[in-house]
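Novice: Chain residues, written in single-letter form:
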Amino acid sequence: MPYTSILFYVLALIIVVSAIIVVFNKNVIHSAFSLFFTLFAVSGIYVLLKADFIAITQIMVYVGGILILLIFGVMLTTKITDVELKTKNLNVIPSILFSVGIITILIFVVFSTKWNLKQAVENEETVTQIGTLLLSTYLLPFEIASVLLLVALIGSAMFARRIKND
Amino acid sequence: MENIFTQWFGDNLLTYILIPVPIIAYVSVFALYAVLAERKISAWMQNRIGPNRTDKFGLLQTILDAVKLMQKELILPSRRDNLYFRMAPYIVFTAAFMGYAVLPFSSVFIGVDLNLGLFYFFAITSIGVVGVLMAGWASNNKYSLFGGMRTVAQIVSYEIPTALSAIVVVMLAGTLSMQKFALIQSGGIFNWYIFGGPGSPIKIIIIPIMVVSAVLLFLSTLAETNRTPFDLTEADSELVAGVHIEYSGMMFAMFFFAEYAQMFAVSGIVTTLFLGGWQSPFGELIPFLNTPVFQVFWFLAKGLSLVFVQIWLRWTLPRVRIDQLMTMCWKFFIPIALVNLFLIGLYIIFA
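For the protein sequence lines, the chains are S and P, in the order given. Each residue of the first sequence is one higher than the one before, starting from 1 at the first, in this note's numbering. Each residue of the second sequence is one higher than the one before, starting from 1 at the first, in this note's numbering.
Please note: incorrect hints may appear among the correct ones.
Claimed, not checked - Output of the computed footprint for chain P on chain S, the stretches with three or more beta carbons under 8 Å from beta carbons of chain P:
| hint | region |
| --- | --- |
| 1 | 28-41 |
| 2 | 100-109 |
| 3 | 147-160 |
Said to hold, decoys possible - Below, computed lysine-lysine pairings styled on DSBU-like, alpha-carbon distance capped at 30 Å:
| hint | chain 1 | residue 1 | chain 2 | residue 2 |
| --- | --- | --- | --- | --- |
| 4 | P | 180 | S | 50 |
| 5 | P | 142 | S | 26 |
| 6 | P | 72 | P | 56 |
| 7 | S | 50 | S | 118 |
| 8 | P | 56 | P | 40 |
| 9 | S | 50 | S | 114 |
Stated by the list, open to error - Every beta carbon over 10 Å from chain P, so not counted as near; a handful from chain S, in silico:
| hint | residue |
| --- | --- |
| 10 | 19 |
| 11 | 68 |
| 12 | 117 |
Derived from the structure by calculation, the hints contain no laboratory data. On a predicted model such as this, the values are computed, not experimentally measured, just so you know. No residue lacks a Cβ here, since even glycine has one placed at the ideal position from N, Cα and C.
Generate the whole structure from the sequences, applying the supplied hints.
Specialist: In structure tokens, the structure reads:
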């Protein structure tokens with residue numbers, strides 16, 4: 001067995017186990033920390049697929065950004081707001097139906113897709129191509145996304161601001 | 001290094017396990033002697049003698065300290081969160097160590113020369129934050145938790161000026177590979193990016209911008225490593241010892257080790273981006289000084305000088321307050337970095 005396969009199975013095991021912990025753990029912080037391992041191992045899978053840019057972006061955005069915000073949010077807000085973070089199971093039957101539906105669709109898609117198997121290409125410089133495409137062909141979506149983020153930033157700053165009553 | 005090792009041992013898992021061995025050996029030796037250097041330098045600055053009991057100049061001091069720490073009993077808080085409490089120090093150290101993968105020690109010795117080396121470095125060092133938060137939370141101690149929260153707030157904020165001032169060099173060099181940054185700056189001290197990089201004499205107009213960017217990068221990486229004057233995470237007058245309070249023995253040593261590993265890693269980044277990496281300051285005048293062995297010497301000399309400056313600053317300046325820290329980042333560093341970025345953009349278009 002080539003070493004990449006061993007790495008793949010190790011990473012897959014980490015992803016599956018930590019994802020199960022994320023879903024079934026009653027402690028929200030534990031779930032958040034397990035999510036760290038899930039996201040990190042997913043970026044390992046991207047590395048095995050030779051998608052280096054997306055692997056590093058995965059770490060940068062999900063691990064370095066979103067996960068930290070998530071943990072911060074959970075830690076800071078549990079005692080401030082009146083809403084209690086619930087970790088018990090609600091709506092058991094609809095959620096079972098929904099999950100079974102999704103997994104059926106996924107299994108169907110996995111087995112019906114013709115997977116495009118290719119020989120692995122040597123590491124080529126993708127970041128230049130991505131940059132050029134973002135600033136030429138896909139300029140409009142790129143700009144719209146950045147304006148959207150700016151709006152979200154200003155909006156959240158507005159909400160967080162102390163309102164003066166005078 | 002990847003190429004050499006695959007030639008020697010073949011393309012198998014063992015090779016990839018062996019590649020980090022020289023680097024971790026270097027990091028260990030560096031950390032041991034950086035601790036000693038820190039204690040000696042602080043002693044000289046404060047008119048003391050410093051460690052001098054072991055060996056002639058106290059050279060064995062940190063080795064013996066490490067042996068002592070290994071033998072110490074691990075005192076664990078009874079209401080800890082066992083798994084994450086034990087895991088956190090190793091995540092913090094791993095994050096600091098993974099950054100070394102892309103540090104170009106010379107034209108031959110680099111863990112792996114990624115196309116996205118710099119991006120990788122900034123991404124991978126940011127996962128240390130998760131470890132710190134884990135440690136702070138799992139200790140079940142309010143000072144630890146506050147320390148962890150502060151660290152995270154500080155590191156996340158200072159990542160922005162770090163990245164923005166590094167992008168200035170990325171724009172000029174047109175690459176993200178650490179090895180290429182060093183290669184481009186060949187030909188003597190005046191081709192280093194702190195002096196505007198290689199190019200026509202008109203580059204003289206960007207020298208002030210580059211110097212400001214280099215200083216910004218150095219200061220914001222200093223804040224990311226949580227060292228004084230930015231060591232609010234372990235501000236002992238307010239937080240006892242931050243996230244390390246409940247850690248003892250070897251687990252504490254891992255945090256310590258991570259801090260020193262990170263000190264050299266960020267110095268290596270500043271060196272590679274602005275100070276020519278492993279290039280000799282004499283360029284091609286003395287070709288003998290540009291062989292791979294001497295390149296290691298130059299890289300270490302530059303990196304260790306920056307480490308010295310970090311130690312120097314630590315024992316000179318008092319700690320800033322948390323509001324001053326955040327003001328400095330968001331109201332001074334980020335705007336200055338953005339203006340730099342804009343000016344360099346104009347320079348690239350018109351020159």
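Novice: Three residues minimum, CB to CB under 8 Å: does the region 28-41 of chain S make the cut for coverage by chain P? Let me know.
Specialist: holds (count 5)
Novice: Between the region 147-160 of chain S and chain P, are there enough contacts, at least three residues with CB-CB distance under 8 Å, for the coverage claim to hold?
Specialist: violated (count 0)
Novice: Is the claim that residue 117 of chain S lies outside the interface with chain P correct, judged by CB distances over 10 Å?
Specialist: Given that every Cβ of chain P is farther than 10 Å from that of residue 117 of chain S, nearest at about 21 Å, it holds.
Novice: CA of residue 142 of chain P to CA of residue 26 of chain S, is that 30 Å or under?
Specialist: 22 Å, holds
Novice: Taken at face value, is the distance from the CA of residue 50 of chain S to the CA of residue 180 of chain P at most 30 Å?
Specialist: Since the Cα atoms of residue 180 of chain P and residue 50 of chain S sit roughly 21 Å apart, the hinted pair holds (cutoff 30 Å).
Novice: Far enough from chain P: is every CB of that chain over 10 Å from the CB of residue 19 of chain S?
Specialist: 17 Å, holds
Novice: Can the region 100-109 of chain S be counted as covered by chain P under the rule of three residues or more with Cβ-Cβ separation shorter than 8 Å?
Specialist: violated (count 0)
Novice: Are residue 50 of chain S and residue 114 of chain S close enough, with their CA atoms no more than 30 Å apart?
Specialist: 20 Å, holds
Novice: Take the C-alpha atoms of residue 50 of chain S and residue 118 of chain S, compute the straight-line distance between them, and say whether it is at most 30 Å.
Specialist: 12 Å, holds
Novice: Given the hinted pair residue 56 of chain P and residue 40 of chain P, is their Cα-Cα distance within 30 Å?
Specialist: Distance ~13 Å between residue 56 of chain P and residue 40 of chain P Cα, so the pair holds.
Novice: Keeping to a limit of 30 Å between CA atoms, is the pair of residue 72 of chain P and residue 56 of chain P held or broken?
Specialist: At roughly 26 Å apart (the allowed maximum being 30 Å), residue 56 of chain P and residue 72 of chain P satisfy the hint.
Novice: Check the non-interface label on residue 68 of chain S: least C-beta distance to chain P beyond 10 Å or not.
Specialist: 6 Å, violated
Comparing the model with each numbered hint stated earlier shows that hints 2, 3, 11 do not hold.
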